[in-house]
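K.L.:
Residue strings, one per chain:
Protein chains: 4
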Amino acid sequence: MAAEAPKMYYRMLGNTGLAVSVLSYGFWATFGVKDTLREQDGINMAKDCLRLARKAGVNCFDNAEVYGNPSGEAERIMGEALAQLRQEDAQLWRRSALVITTKLFWCAQGDEGTVNEKGLSRKHINEGIDASLKRLQLDYVDLVFCHRPDAHTPTETVVQAMTDLVRSGKATAWGTSEWSAQQITEAYFIAQRGGMIAPAFEQPQYNMMHRERFEKEYFPLYRQPYNIGTTIWSPLASGLLTGKYKDGIPEDSRLAQKGYEWLVKKLDAWKEDGSLDKVQKLADFAEKEFQCSTSQLALAWCLKNKNVTTVLLGATKTEQLEENLGALPVLLKMTDDHMDKIDEILGNKPEPWLNQQRPIDLI
Amino acid sequence: MAAEAPKMYYRMLGNTGLAVSVLSYGFWATFGVKDTLREQDGINMAKDCLRLARKAGVNCFDNAEVYGNPSGEAERIMGEALAQLRQEDAQLWRRSALVITTKLFWCAQGDEGTVNEKGLSRKHINEGIDASLKRLQLDYVDLVFCHRPDAHTPTETVVQAMTDLVRSGKATAWGTSEWSAQQITEAYFIAQRGGMIAPAFEQPQYNMMHRERFEKEYFPLYRQPYNIGTTIWSPLASGLLTGKYKDGIPEDSRLAQKGYEWLVKKLDAWKEDGSLDKVQKLADFAEKEFQCSTSQLALAWCLKNKNVTTVLLGATKTEQLEENLGALPVLLKMTDDHMDKIDEILGNKPEPWLNQQRPIDLI
Amino acid sequence: MAAEAPKMYYRMLGNTGLAVSVLSYGFWATFGVKDTLREQDGINMAKDCLRLARKAGVNCFDNAEVYGNPSGEAERIMGEALAQLRQEDAQLWRRSALVITTKLFWCAQGDEGTVNEKGLSRKHINEGIDASLKRLQLDYVDLVFCHRPDAHTPTETVVQAMTDLVRSGKATAWGTSEWSAQQITEAYFIAQRGGMIAPAFEQPQYNMMHRERFEKEYFPLYRQPYNIGTTIWSPLASGLLTGKYKDGIPEDSRLAQKGYEWLVKKLDAWKEDGSLDKVQKLADFAEKEFQCSTSQLALAWCLKNKNVTTVLLGATKTEQLEENLGALPVLLKMTDDHMDKIDEILGNKPEPWLNQQRPIDLI
Amino acid sequence: MAAEAPKMYYRMLGNTGLAVSVLSYGFWATFGVKDTLREQDGINMAKDCLRLARKAGVNCFDNAEVYGNPSGEAERIMGEALAQLRQEDAQLWRRSALVITTKLFWCAQGDEGTVNEKGLSRKHINEGIDASLKRLQLDYVDLVFCHRPDAHTPTETVVQAMTDLVRSGKATAWGTSEWSAQQITEAYFIAQRGGMIAPAFEQPQYNMMHRERFEKEYFPLYRQPYNIGTTIWSPLASGLLTGKYKDGIPEDSRLAQKGYEWLVKKLDAWKEDGSLDKVQKLADFAEKEFQCSTSQLALAWCLKNKNVTTVLLGATKTEQLEENLGALPVLLKMTDDHMDKIDEILGNKPEPWLNQQRPIDLI
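Residue numbers (UniProt numbering), protein chains in the order written: chain A, 1 to 363; chain B, 1 to 363; chain C, 1 to 363; chain D, 1 to 363.
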């Protein structure tokens, strides 16, 4: 289905004025695995994926200080890969054409990190961004995220530090990841009250199996004055929606790796709660309606929601990435009727955000 | 246990500067039942309950434009009862000693209500408060609630109208009921930005069986700068926590009445989800630890949470009310250890509000 | 086509929280013609139209201090008619179900008006509203308009006076009529800056022949933060779009009356600029596609634009009003394709608001 | 007439505190024509014009990232020319004596520009100004313009980015070009609300043939609190007002060049709509009253409007520039009576901004 690279489409990311390709490329759990790869092998794999994505029209590349093993490696490898790619084709990889992100909260020190090397103090934000930019070999990122809320740092302190980070030119906009709707609202108004810069986007988990927060809690944030854009992670529900776990854990999957015991545990839960049955039904539906894979259906389904700005693809192999890019033609064919049928299979559609306590026949 | 009227205690209601008795008396589903009672009989029952509550130190009396059958009757009866009580004992019932509330959203027109006779437009807020005050025979209420969020009226419009209602002297403070944390946060900041009056309290459902929103979603609102007070409804979970449904529906309970089919349905659900079993365990615990009823335990448990300002009692018979007031001595004996044991029985303690992504050994 | 009264639909009027019927009834040029009618005859005609409109679901009734001959008569007659109708059917005509408007700028003194009896000084706003309410026999109107911008009164002064008028309870929201987009924007921000109430709606001329301002200049105002609602006047272009002038001036039309020389002049212009030819084509299109009248097509066309909240109908005869109400079923059948064909006939579609200097393939 | 360099006059540019010569020199469509000129020839021509203008007292030099062919060349050539001129005469060309501008929106990548390389996102504003400053060989420009409104970037985002650009010292003030009055008003108030820097000037098209927007739509902006300055482009209406097209297209005019087909088309329109006749009358009037050229009359006419801060001259040859500078003595002789006569010839005087709905005999 994705034999030919599909035309790329864009969505405006919240209030940033930036157009982001609806499919983005994320460096989570990718390449920065020092112990299993020789240096340049990892870089080459990254370059292959980056090249494929860029040529398909992807303009957004997502990273975080904590990504990679050890932390920081994902940024280092992406930075080196981009530098090498710019040597290959300066025009395709010129800085102004790319939207590059990082996320700050957990440091690149991993378990060595002491009490002030994590979180959202101005100290860590300042130290974190400088270390990230160095690893990325960049003067600035386009988007910087607060990777989690920090229970120990008041929102006003965070907004001040993020504002100054943007004003200093080290990022062009800032956002949040896995903050509550209440926290984002608070940050928005604290920024506005103080003549500071409000968060413009959020990076939440969103997929067919995990809908409540994205569809319900965040709902008011997609509207004015917040107009929050979203870069969603885990669109394939940790791989569940690839269908690859239907018959147990494949040997080459992440689940077979050390450090992924949590995923194995999850798999057991999926079996028990009927998720695997749903995946089978989705696979049949995908095949019958679109002759596409379950992954492609799952990715297209995310994008059918206009509140999703871009879906992060986390593939580490070019074949997998190419397959994922094939979600775009599926999206173009998907109707509201298809969405209703998928909702029937999923059986987890959240209630509408507001109770209709005041019904009116609007036209 | 409550043979002697217990001393009353108070809590400050958010930022209002008002001290509210920790047990309040609510007029929901009470007395305004035109078809089953002769006029003065209803008023007399109301007076008996009001007199008992007041003498026990209750100073807060809760109502809403929509309460009663037909809507508006609960206010009318309370208004008339208060007027008659003031004739009996002017000192006890003087206006300045009482905290009287109403709630606006659904009108007193019931099903006849047209599109603009519900909701939170300034038109309905203005028309609603005037009609309520007339029924209550009052010049002002102390607390006025937005009884629900209104999907059709922007928050700024609501805050303006509520602010002007307070400024006009028709209420002394305003709050919300069943708004989301995000909506309350938005209202707070919109008020602050515009030099207007912020909502100071919320009336949510809260009881042993329904904890998530109160304990988790609202958590940040109990702190600065919001400092939201709460007047909680359904502390006995629609009667479940009285223990009276353990052996089916008693004939004289609300559930036997027309219009309460939803409660019957709920009862079935309680059976199935194990709630009735938990109630049995709570009953045993209450008896063993405090020689009190399940209701008293449940009410005291609510008040043990310092974020509860006052618990609304909805009794329609004096015996029932007297029994409920007996929760106060239980509260005085309740320890953190008791609370832990109750949590074990309930098994529904919400996760802490913020994931501890940045653990620090604080002392 | 309108043999049976059509079901009514509503639109939310800007930020007011008020639901307004998509067809409203306006008192411009109606009834207040003292010299040609005996008092009660005029009131009866008004009552017939009001009754018909209300029974068809119309909930919004538009007036202005300057309407009628002499000025003020339209309000006086509507006030008396409403009072009499409320005697007939208190439920149908209860105040809270109605959205009643007036507009202030030109006084009810007509040519006798001295320099401070017109305009938007606080003096005239205060004096004007009190006189209007007296004529209307009301305590408050729901909507009050600044009937024109006042070159002699700074916007801040106007916003203050209108805000206080709303806060005093004499109106529940305020708006503008024939202000420029720049003026409305200025008023919005001055209100927000000062913790005052912003204008929530505008009453502009809008019809098939007069589109530029509504579709282009006002375009940004329909969006956040302004969210301006509109109550449009002259939807039939001073009668041109009824088709009745195709063969000259009918004797019973307004154009035959003294004081309507401007309309006669307009008619000449319509002949010359090809408007009458377009009307003929529209009549054919209406007949062929919807078997409806040109008026019904023209009214439905207005409502097809979602930025129109309500269309003011100015009929003075019940037959004419009934005919106009028949626009609603036409609206339900109208497609985007129909709109394109009408645009072809009209040939006056404004350019899009913003030049697309930055084209992006959005999806 | 301009044998002797005329004394220069200045006007204050809005709220900037900067005095700008009433005639400025603009680099639109000039010099950056790589294919028709050898590098140093282009620079020399630029230097000749710059030298002439500067010696005549011009202190303002206008440019944009998009000017030149390819885009960016106009800035590069001006930058190099200024550097060389400073070698010639350090005193005359010292930085602090000059007011240098650029405009951001379309990038210097031309058709290669991808979705985020145009518009008014903070990313493009940051990247654009840095690229412009590099081409101009400067540390800062004095004035930076948003070259168009950006439909994809909220005004608040633009105001924040422009404010920070000024605060960073890369420009000393910012303005707009071809924004609507509504947009400028919005930007003004958003800036004020957030403690940010408001746009202080606008660069609109303005000439005898194109008056509506400048004289009517922008009218309120020339007054407090906006006090917008203007640097007007196309004062000679794409050459129409030079009179050179009266007898067809001269071979050496821009219209004979590829890429100017739009001008040829315009010329046809001018013939048809009577513009060429008006130009003839203006030529006669100029000769009779001032013994000056049509151009000089047209330029002086612009400056007679006190809301014009400076008129951009776009000449590419010194003779032409010298001729244009001769408008200044004409301006000194021009009376209101002359203006009335020119209005008679033009027949396009816009209605006054505000309808005089409230006429008062003011003195």
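By construction, these hints were calculated from the structure, which means they are not laboratory data. Where a beta carbon is used, it is the ideal one built from N, C-alpha and C, also for glycine. It is possible that part of the hints are untrue.
With a Cα cut of at most 35 Å, we get these calculated DSBU-like pairs of lysine-lysine [what the hints assert, rightly or not]: (1) B:K47 <-> B:K170; (2) A:K265 <-> B:K170; (3) B:K266 <-> A:K271; (4) B:K170 <-> A:K341.
Over 12 Å on every C-beta distance to chain C, these chain B residues come out as not near it, computed from the model [claimed, not checked]: (5) R86; (6) N116; (7) I125; (8) P154; (9) Q160; (10) T163; (11) K244; (12) A269; (13) L346.
K.L.:
Is the claim that Q160 (chain B) lies outside the interface with chain C correct, judged by CB distances over 12 Å?
P.N.:
6 Å, violated
K.L.:
Beyond 12 Å on every Cβ pair: is that true for N116 (chain B) relative to chain C?
P.N.:
5 Å, violated
K.L.:
With a cut-off of 35 Å on the C-alpha distance, tell me whether K265 (chain A) and K170 (chain B) pass.
P.N.:
Violated, because 58 Å separates the two Cα atoms, which is more than 35 Å.
K.L.:
Would the least Cβ to Cβ distance between L346 (chain B) and chain C come out above 12 Å?
P.N.:
40 Å, holds
K.L.:
Are all beta-carbon distances from R86 (chain B) to chain C longer than 12 Å?
P.N.:
28 Å, holds
K.L.:
Quick one: work out the minimum CB distance from T163 (chain B) to chain C and report holds if it exceeds 12 Å, violated otherwise.
P.N.:
Label violated. Min Cβ-Cβ 9 Å, cutoff 12 Å.
K.L.:
For K170 (chain B) and K341 (chain A), compute the direct alpha-carbon distance and say whether it is at most 35 Å.
P.N.:
52 Å, violated
K.L.:
If we take the beta carbon of P154 (chain B), is the closest beta carbon in chain C still more than 12 Å away?
P.N.:
Nearest chain C Cβ is 5 Å from P154 (chain B), so the label is violated.
K.L.:
Holds or violated: K266 (chain B) and K271 (chain A), Cα atoms, limit 35 Å.
P.N.:
30 Å, holds
K.L.:
In terms of Cβ atoms, is chain C entirely out of 12 Å range of A269 (chain B)?
P.N.:
35 Å, holds
K.L.:
Test the statement that I125 (chain B) is away from the interface with chain C: the closest C-beta pair must be farther apart than 12 Å.
P.N.:
Given a closest Cβ separation of 9 Å, the condition is violated.
K.L.:
Can we trust that K244 (chain B) is non-interface, i.e. its beta-carbon lies farther than 12 Å from all of chain C?
P.N.:
Non-interface label stands for K244 (chain B): nearest chain C Cβ at 40 Å, farther than 12 Å.
Checked against the numbered hints given earlier, the structure breaks hints 2, 4, 6, 7, 8, 9, 10 and satisfies all the rest.
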